[in-house]
Every structure is written in structure tokens, then in C-alpha cells.
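Just so you know, the sequences run in chain order A and B. Reminder that position 100 of the first sequence reads as 127 in the numbering used here, one-by-one numbering, no gaps. Reminder that position 140 of the second sequence reads as 157 in the numbering used here, one-by-one numbering, no gaps.
No lab work stands behind these hints, which were simulated from the structure alone. Worth double-checking, as some hints may not be accurate.
[Said to hold, decoys possible] Taking lysine-lysine pairs in the DSBU-like style, the calculated list, with each CA pair at most 35 Å apart, reads:
(1) A:K39 to B:K206
(2) B:K230 to A:K40
(3) A:K39 to B:K365
(4) A:K39 to B:K214
(5) B:K214 to A:K36
(6) B:K329 to B:K305
(7) A:K245 to B:K329
(8) B:K214 to A:K30
(9) A:K40 to B:K206
(10) A:K220 to B:K214
(11) A:K40 to B:K237
(12) A:K39 to B:K230
(13) A:K40 to B:K214
(14) A:K220 to B:K206
(15) B:K230 to A:K36
(16) A:K213 to B:K237
(17) B:K214 to A:K216
(18) A:K40 to B:K241
(19) A:K36 to B:K201
(20) B:K206 to A:K36
(21) B:K287 to B:K365
(22) A:K39 to B:K287
(23) A:K36 to B:K237
(24) B:K287 to B:K305
[Said to hold, decoys possible] Looking from chain A toward chain B, a few residues come up when the C-beta cut is under 8 Å (computed):
(25) I71
(26) Y84
(27) I89
(28) R98
(29) T104
(30) R108
(31) V267
(32) I268
(33) D270
Every residue, glycine too, gets a C-beta built ideally from N, C-alpha and C.
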Amino acid sequence: MKKIFSRPKSIKKAIFHYCPGCGHSIIHRLIGEVIDEMNLQEIIIGIPPAGCAVLAYNYFDIDMGEASHGRAAALATGMKRALPDRVIFTYQGDGDIAAIGTAETIHAASRGENITTIFVNNGVYGMTGGQMAPTSILGQTTTTSPGGRKEKRDGFPIKLSEMLAIANGSAYIERTAVNSPANILKTKKAIAKAFRVQIQNLGFSLVEILSPCPTNWKMSPPEAWKWIDDVMSLQYPLGVIKDITEGR
Amino acid sequence: MRGNHILGEAAIRAGCRFYFGYPITPQNEVSEYMSERLSKIEGGVFIQAESEIASIHMVIGASMAGGRVMTSSSGPGISLKQEGISFLSGLELPAVIVNMTRGGPGMGNIAPAQSDYFQATRGGGHGDYRTIVLAPNSCQELADLTYKAFDLADNYRIPVIILGDGMLGQIMEPVELPPEIPIKKLPHKDWILSGAKGRPSRVIHSLYLDTNKAEEHNWKLMRKYEKISKEEVRWEGIFLEDAKMIVVAFGIAARIAKGAIKRIREEGFKVGLFRPITLWPFPYQPLKEMTKKVKSFFVFELNMGQMVEDVKIGLEGNGEVYFYGRPGGVVPTPLEISRVISSQYYKKKL
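Construct all of the structure, not just a fragment, from the sequences and the given hints.
Printed below as a string of C-alpha cells:
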């Protein structure tokens, strides 16, 4: 019998701690597949965040260095400048990148740092128990927005990817989701493209991935997938937001 | 050369190729020097970051990649860097951090001060940790200790703080600069992140969710700190042979004290100077040795009294401690200090 599906070489044989239905597991696997297919395992370094994915360094069989909350883009900047021929990526959640790490991220993009950011947007602070995130949508109930997020009290959700697209130094920004087989395949393509943009030294690349958090959304996994389609992607439309390689 | 330029040149000669800064007075000459110098060296990297927080995390990234790396700031900027300094400590990464201290708290002012002694010697950020703290008192020593700081940082995988002050950075003195180390001759690091080529993948992390593992990590750090405390204590003694009273001071305050002591020794006052060069590890034992012959200690600092606590710890109750401080960026003259010392000397009927 022919083996047609197996664990990517760059993913360790470990049991993921992620909740059932969580998008992180899928996204880890996609990154692992891309690393294998692009043959990057020996030259790639990952920067996991503070948040649910902090333990990513237990799952990827590649060099990884921990960043404190929000500082991944700055850390990756220092690392990439020291190792310009390696591929450096940060893996960050919405609280990490769009609240505490906004300045680091915008400036890394503005400098055109040749790094790639995987921005996992699930609209909540998952690790700390489901508090309101900068990306929580209006009306979304979280542990710190009881009764739903209200703009007068809580402000509006931030569209960080669109903000980053304005930066002259950003080269490729796409928003995808991992809530259907088709979207999962698109996400994988986007990750591969982001790494290629980095390898070609074109500037900052980022893939924002709308990712289900059934536990904190208090939904079943199928409901969470549907919620991304019906609600979340209206606030955060899927598609390419910026691509300087178009037409090249 | 000016102190801040000397610091930059000594760092480059020690193999520093990465500098990440953010403007703040009175240390801007360090950034300016590094931007000029590093742009002319192959592999040299200078970034003016968007904040002190970003700059210290760029330091972490370059350090993980194995580079010799430095950042510099002053008071308020060092407060912002504390998050990164705690991480450097937990991650066991080498780095050199310069604090050309200004008056505080808050915005304070841009005049020379020593008010960040506690922050530097007690860790400064969250968690149980120490950083090596070097306190030069001349441009020559600034060059020598900056050069040495990179070796200490690499040997122990620890952040090293150079605690200067606004005056040290601005004064101009002739110096003999140390020789340039070729990057290829720097010691090999077998822990860095460079891509898992021909070796198992590596992880550098400070998170230990298992409390037993976290405790072991803390004890490991503790053993390192104990080793440093045994092997890296530095201090200088002047006029100690016949001293009946010892002035304890560090950095630029020690220099002012030295001038004051020279002046009153001519009048017959038998006063010596004990100058800690490493503020952590503090020279507790050598200071205690002094109490075999001397019982009167005069601590002079440009703050409201911080190192004086270490002096008291070191003396273990053997000797009287008198403190004189000028906070807020005030720099007294040797004449003023000589008067305070001599009046205390009279009072004690020495």
C-alpha cells in the first residue's frame, strides 16, 4: 500500500495541547508542510509568541526562539539582520500583534524587514481565558465585554493587515481562513508565497489567518467554522490585501 | 575622545557588530557614533528602533543569532528596557546594556546622577535574576570595562550593564584603546539559533510551565550568579594604608571623592577611598576586610542613598556608616565633599 499522507518532517512527533477544533493545529501543520516542500528546515527560524501558541517550539522541529508578548517583530528584526540568508518567521496571535505589539509590527513592516509574520486572528485572548481582543468584532461577547463589544465603551476592532498594507516596506499581505478545506489550501499557498517573498528579499510579508476558537467562542467546531464565514469575515474580508509581486 | 564615543569604539573593537538604540539625552553620542562606524564595517548593523522596548528585543534577536550586541540609553529608557533585560536573563543571552544615568524619578532631568543603582543591581525587571554591573569612573576605564563587558556577557551568557552617568559620557580624556578583535577569533557559541543544519533543532525559551523545571532553571541561574560573585568582583582602594576613615563611592562620585580626599590629606586627614568597580557582584568581602583597621565609613553617592545599603550589608555591623548624597542631577565639587568629609572626621575625633 502506498503512503499518501503523513506528519510533516518539520513537525515533531508530539501531542498538541490545543483544544479540539482550534485552528492552531491546522496552521502548524500547514507551516510544516510548506517548510518541507520548500526545503527550509535547515535555514528557517521561528519566533513563537506569548499566547496559546507559545509552546509551538515543542511542535516544530526547527530552531525556535521565544519572544515576549508583542515583541516578535523586533526580535525577528535583530535576528534577520544578523542572519540575512536565513528565513525568519514570527507566529503571533491577535492580542500579541494588534494590541501590545502594534508598534513593533508597524515599524518592522515600515522598515521593510525581510521577515514573515503568521498572524492568527481568532478575535479573543485565548491563553488567558477569552478576554476581548483588539480584533473582537462589535457585539462579540467575551469575558471582558459582557453583553458584547460596544464601540462607545470598547472601541472598534482593528484591521491591522489593512494598516500594514499602507506601509511602504510591506510587500505581501493576505487574509485567509482555516474554516474549510478550500480555505485551508488557500492558506497554505499564502504561507508559501510569504516565505518566497522573504527569500526574494522583497520586504515584509504577512498572512492573517481567521482561525476558530470554539472553546472561547463557546461554540462547537462546526459552529465556529460557520461563524467565520457568516460573521467574522464580514469584518475581516478574505483575500490579498497587498502584493507588490503582482505583474512581476 | 568623548566618553560616549570611547564607549562605542571600545565596543566595536570587542567585536560588537550589532547596535540597536533609541534617542535619549545624555547618551545620544553613542548611537551617533555607532551609526557612523557600523555602516562602514561589513556585517555591521545599526538600527534606530521605534522605542527602547523594540531596541532591547532587537538585541535579543541578534544575541540569539550569536552576535555581540549592545544597546544604550538613560534612566527612563532603561526602565522601558527592563522587560527585555528580564528576558535576556531568563533566556540566558549575552548582551551589553549601557545606562548613562540622568536625574530622576520620572522625566527628572538630563544631568548626571547615580539614582539607578537599585534598578541596576537588584535585577530591575520581574523575576529572580542579577546582571553584572560595571561602574567606570574615567574614560580609560570606560574603554577597558566596555571591552571586558562583552567577554563577561559571552562567558556567563548574561546581560552586562555599564552604569555610567551623564558626566562620564560627556567628558573628554585621552585614552589608550584596546586592540580590535577579529570576529573570527571570537569564542564559538554552541547554543545559538542559526537553522538546524547538520544538528538537532534548538529552542531558546524562558517559559517553564512545570514548576519543578522552573525551579531548577532558577537554581541553575543562582549557581551561575554564585560563580560570578566568587570570580568577578572588582574594586579599587586608594590611600587605605594609614586610613582612619574610608570613603566608599563609585563611578563619577568616586572621582569627585578622590579629589576631595587628596585635598584634605595634605592637611593631615587620614582618609582612604574604597571604590567598587563591579556594583554587582558587590565587593562585600574586601569591604569587610577593611573593618579590621577602620571603623568609620563615609558613603558618598549622587542619589538619596542606594549603594549605602550594600555597604551596610558588607560591613555586617562592624563599623559606623555616614551617608552624604546629592540627588536630582546635582554634581558637587571636590571642595564641597572635602568639607563634609573633614567635618565628619572631626566629629568622630579621629
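Hints, verified against the model:
1. At roughly 25 Å between alpha-carbon atoms, K39 of chain A and K206 of chain B fall within 35 Å of each other, so this suggested pair holds.
2. Pair hint K230 of chain B plus K40 of chain A holds up; C-alpha atoms about 22 Å apart against a cutoff of 35 Å.
3. For the proposed pair K39 of chain A and K365 of chain B, the alpha carbon gap of about 71 Å is over 35 Å, so the pair is violated.
4. Between K39 of chain A and K214 of chain B the CA atoms are separated by roughly 16 Å; this keeps the pair inside 35 Å, and the hint holds.
5. Our distance criterion of 35 Å between C-alpha atoms is met by K214 of chain B and K36 of chain A, whose separation comes to about 14 Å.
6. Between K329 of chain B and K305 of chain B the CA atoms are separated by roughly 10 Å; this keeps the pair inside 35 Å, and the hint holds.
7. Proximity of K245 of chain A to K329 of chain B is assessed by CA-CA distance (about 58 Å); at most 35 Å being required, the pair is judged violated.
8. Note on K214 of chain B and K30 of chain A: the hinted pairing holds, with a Cα-Cα distance of about 27 Å set against a maximum of 35 Å.
9. Among the hinted pairs, K40 of chain A with K206 of chain B is consistent with the structure: their alpha-carbon atoms are about 28 Å apart, no more than 35 Å.
10. A C-alpha spacing of about 23 Å is found between K220 of chain A and K214 of chain B, which places the hinted pair at or below 35 Å, so the restraint holds.
11. Taken as a hint, the K40 of chain A and K237 of chain B pair is honoured in the structure, with Cα atoms around 29 Å apart against an allowance of 35 Å.
12. About 21 Å separates the Cα atoms of K39 of chain A and K230 of chain B, which keeps this hinted pair within 35 Å; it holds.
13. Between K40 of chain A and K214 of chain B the CA atoms are separated by roughly 19 Å; this keeps the pair inside 35 Å, and the hint holds.
14. For the proposed pair K220 of chain A and K206 of chain B, the alpha carbon gap of about 33 Å is at most 35 Å, so the pair holds.
15. Restraint check for K230 of chain B and K36 of chain A: the C-alpha separation of about 28 Å stays at or below 35 Å, so the hint holds.
16. Between K213 of chain A and K237 of chain B the alpha-carbon distance is near 46 Å, which puts this suggested pair outside the 35 Å criterion.
17. Of the pairs offered as hints, the one joining K214 of chain B and K216 of chain A holds, with about 25 Å between alpha carbons and a cut-off of 35 Å not exceeded.
18. For the proposed pair K40 of chain A and K241 of chain B, the alpha carbon gap of about 33 Å is at most 35 Å, so the pair holds.
19. Between K36 of chain A and K201 of chain B the CA atoms are separated by roughly 34 Å; this keeps the pair inside 35 Å, and the hint holds.
20. At roughly 27 Å between alpha-carbon atoms, K206 of chain B and K36 of chain A fall within 35 Å of each other, so this suggested pair holds.
21. Our distance criterion of 35 Å between C-alpha atoms is met by K287 of chain B and K365 of chain B, whose separation comes to about 13 Å.
22. The straight-line distance between the Cα atoms of K39 of chain A and K287 of chain B is roughly 70 Å, outside the 35 Å bound, and the hint therefore fails.
23. In summary, the hint linking K36 of chain A to K237 of chain B is supported, as the alpha carbons are separated by about 33 Å, within the 35 Å threshold.
24. For the proposed pair K287 of chain B and K305 of chain B, the alpha carbon gap of about 19 Å is at most 35 Å, so the pair holds.
25. Of the supplied interface hints, the one on I71 of chain A holds, with its beta-carbon coming within about 6 Å of a beta-carbon of chain B, less than 8 Å.
26. A least Cβ separation of about 4 Å between Y84 of chain A and chain B falls short of the 8 Å threshold, and the interface hint therefore holds.
27. Against a cut-off of 8 Å between C-beta atoms, the interface hint on I89 of chain A holds, since the closest Cβ of chain B lies about 5 Å away.
28. The beta carbon of R98 of chain A is positioned within 8 Å of a beta carbon in chain B (closest approach about 4 Å), and the interface hint is therefore held.
29. Annotation: interface hint on T104 of chain A holds; nearest CB of chain B at approximately 5 Å, less than 8 Å.
30. Nearest Cβ of chain B to the Cβ of R108 of chain A: about 4 Å, under the 8 Å cut. The hint holds.
31. For V267 of chain A, the suggested interface contact is broken, since its CB lies about 27 Å from the closest CB of chain B, more than 8 Å.
32. Interface hint status for I268 of chain A: violated, as the beta-carbon distance to the closest one in chain B is roughly 22 Å, over 8 Å.
33. Taken as an interface hint, D270 of chain A does not check out: its beta carbon lies about 25 Å from the nearest beta carbon of chain B, beyond 8 Å.
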